[in-house]
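The opening residue of the sequence shown carries number 355 in my numbering; numbering runs sequentially from there.
FYI, nobody ran anything at the bench for these hints, they're computed from the structure. Fair warning: this is a prediction, and the values are worked out from it, not measured in the lab. Accuracy of the hints is not assured; some may be wrong.
[Said to hold, decoys possible] Straight-line alpha carbon distances no greater than 35 Å define the calculated DSBU-like cross-link-like pairs of lysine-lysine that follow: (1) LYS831 <-> LYS877; (2) LYS758 <-> LYS880; (3) LYS603 <-> LYS792; (4) LYS703 <-> LYS758; (5) LYS931 <-> LYS795; (6) LYS878 <-> LYS758; (7) LYS834 <-> LYS976; (8) LYS758 <-> LYS956; (9) LYS936 <-> LYS898; (10) LYS898 <-> LYS923; (11) LYS877 <-> LYS959.
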Amino acid sequence: MNFLQQLFPLYLEALTIEDNNFIPINSSINSSNNNNNNNNNNNNNNTQQITQQRKSINHPLFDYASFLRGLDFYQVYYAIENWYSYQSLDKRRSIKFDKKKYSDKSDDDDECRKLYLTRELINHFIRRSITIDYLALTANDIESIIPSGFCCFPSECWHHNNALKYIQTFIFNGNNYNNNNNNNNNNNNNNNNNNNTQQITQQRKSINHPLFDYASFLRGLDFYQVYYAIENWYSYQSLDKRRSIKFDKKKYSDKSDDDDECRKLYLTRELINHFIRRSITIDYLALTANDIESIIPSGFCCFPSECWHHNNALKYIQTFIFNGNNYNNNNNKCCELYEALALCCKSIKFLSIHGGIGDDSNGGGGESLANLIQNQRHLVKFSLWDVQQSNQLSQIIKAITLRKGKLKYLEFRFCNFSNCDSLFENLATSCPELTTLKLIKCGDIQSNLNPTTFSTPVSVFPDLNCLDLQGTRVPSKSLKTIFRGVNIDLRIIHVEGIEVGLRVIERIADYCPNITHLEAHVKKDKLLQLEILFRSCKNLSSLKFYGELPERFYFFTQDANDNLLINLKQIIPVKLKKFILKTDCAFTFGAMELFLNDCEAKLSKLEYISFGSVWQHLNVIKRYSRRKGLKVKKHYAGNYRELLMRELGHVIVEFE
C-alpha cells in the first residue's frame, strides 16, 4: 500500500481542518464547478481563457481519493506521521480533537492528533472512493498507543456506502474492541453486505482494461522520457518475456543489430501511440531523442502516423518540440507531420524544430513547416536548428512575416542565411513585440538594416531585451541601427565571434544604458572604450570580452596595458559580478592590486591574462576576497603556452 504514502502529501494540500471536521475545500460546490468545467470544455475557442478559468478553481482538478481502491489504517497513519513531522507548531495546534477519547493511552497531544487525522482522512477516502476492494483495519506496531474503544474506521462510513459493497479482502484487528462490542457488530454487518464476493471477483477478472485509466490523465509526452522508463522496466524482465515482444526487424536493421534496443524502441513507439489515443488533452509534446539518437534508425517515426489525424487530444498542444534529424532521408514523414499538426493544432505557443526539414532542393519540408507556423494563433516562441537550405529558410521567414503576430522569442541556430538579404528588415516590421533574438552560429548575414527604411528609429525592435549573435557575423551598420532602435530596453548582448569596433561599443553605451550582460569579441585597442561603457552602463553585472590571445609578448606595451586597467578602478559598476578579459592584453599583479584595492564591486568571477608569477596574482586576489568578505570557491592559474611564453599566465577565480 505504499502508493498511499505518495498520494497523501499531494492530496492533503487539498484538504482543510475546520472545527472538529476534516473536510475537502469547497466540497459543497464541487458539482457546480464540474458543470462550469463541462461548459468550458465545449467552448474551446480560446485556450488562454480556459487556462484562466482553470486557475480560478481552488479544488483539485484530479480527485485522487476517488481512484483509491485499497485502504490500510497503518499505512495512512504512517503517511500522516511523515507529514506531521514537517508541520510548524502553530499548524499542529490548529488541529482540534476530543481529548477524552484518547486520554487512557496517551497524554501526548501530537499522537492524539495523528490518530484523529488518520481516522478523518480514512473517513474522507471512503466517502470519495467509488470502489474499495481492499480494507485493512490493523494497527501493527502502533497498537500500544491506540485508546481502547477507539474506532479506526468511523461508524458514519459503515452504512449506505456503495464503495464497500465490492470489498474482496478484509483484515481486521479487534483487540481494542473487547470492551466495546458494538463496533464489532457494525463490522459484521458490513461483511454481510458482501453476499457473493467470489462472484464479483470472477466478474472483475473478465475486465481486461485497468480500473484506473492512467493514460487518460496524461497532459504531456516526451519520447526520450518514455524510452527511459521503458529501458528501466525492460532491464527487470526475464529473457522469455523479452523474446515474446515481436517487432519488424527490417525497420531497425540500419542502426542496430541488438534486438533488445529494437524492442525498446518498438515499445516506446507503441506506448506513445496508446497514450495519444487515450488522452483527453495533450498540451506538451516533445519528439526528441537526446543521447539515444545514435541508435535510432533513419526514417524511424517516433510518433506513429496513425496518431496524426482525427485526434482531438492534439488540438490543445501548446508546446511542440521536434528533432527530425533522422528524417533527412525521408522528408515525406516530416511533411506529413507538419501538415497534420497544421490542420489540428491552432494554439501552439512554443514551437521548436531541430532539423527535420530535409535536404531536398524543392523545399517541401520548409513549405510544410511554414504552413504550420502560419496557422498558429498564439505563437510567442519559435526556435529552429540546423537548416542549411536557404530557400527553405526564406519560406519560414516569410511565414513569420505574414503572421503579424505576438512573437516574443525567436531563435535560429546553425542556419544558413546567405541568400536572405532582407532578414532584419522583415523581422523588424513583422515582430514589433520581439524581446529575444538569437542568431547563433549562422555564418555571414548580409542583411543591412537601414534606419531610413523606417518611419521612426524606435520602430526597430523597440522591446528587444536580449540579442545573441554568437558566432554570427552581422554588418556593423545593422548592429548600430538595432542598438539605436531598441531604446533603453536591451539588457543582454552576446556578440562573441564578431569583432566589435569602436563605434559599436559607443552605440551600446549611448543607447543601451540599462544593459546587464555584455559578451563580445574585441581586440586590445578597443578596450579603451571600457571607460565610456562603465560610465554609462551602471547596471552591468556581467562583462565578457574575448579575443585572439597573444602570440608573443611585447614588453614596451605593458605600461599601457596596466594603465588601461588602473583607470577603470573607480568607475567600475558596483553591480558587476563577472569580469572576464580574455584577450591579447595582459596585466601585471601590481596593476591588478591597484585595480582591486579601489574596486567597489563584489565579483563572483574574475578571469584575465596575467604577466609575471601567477602565484603573486593569486595572492593579490585572495587579499581582495578577504577585504570584501568573499570566499574563493575555486581557482585556476597556469602558465600560458608553457615553454613558449612562461611570462604569461591564465588566471580564473570564482568567489562565493
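Structure-based check of each hint:
| no. | hint | in the structure |
| --- | --- | --- |
| 1 | LYS831 <-> LYS877 | 19 Å, holds |
| 2 | LYS758 <-> LYS880 | 39 Å, violated |
| 3 | LYS603 <-> LYS792 | 42 Å, violated |
| 4 | LYS703 <-> LYS758 | 15 Å, holds |
| 5 | LYS931 <-> LYS795 | 27 Å, holds |
| 6 | LYS878 <-> LYS758 | 43 Å, violated |
| 7 | LYS834 <-> LYS976 | 40 Å, violated |
| 8 | LYS758 <-> LYS956 | 44 Å, violated |
| 9 | LYS936 <-> LYS898 | 8 Å, holds |
| 10 | LYS898 <-> LYS923 | 17 Å, holds |
| 11 | LYS877 <-> LYS959 | 21 Å, holds |
In summary, the numbered hints that this structure violates are 2, 3, 6, 7, 8.
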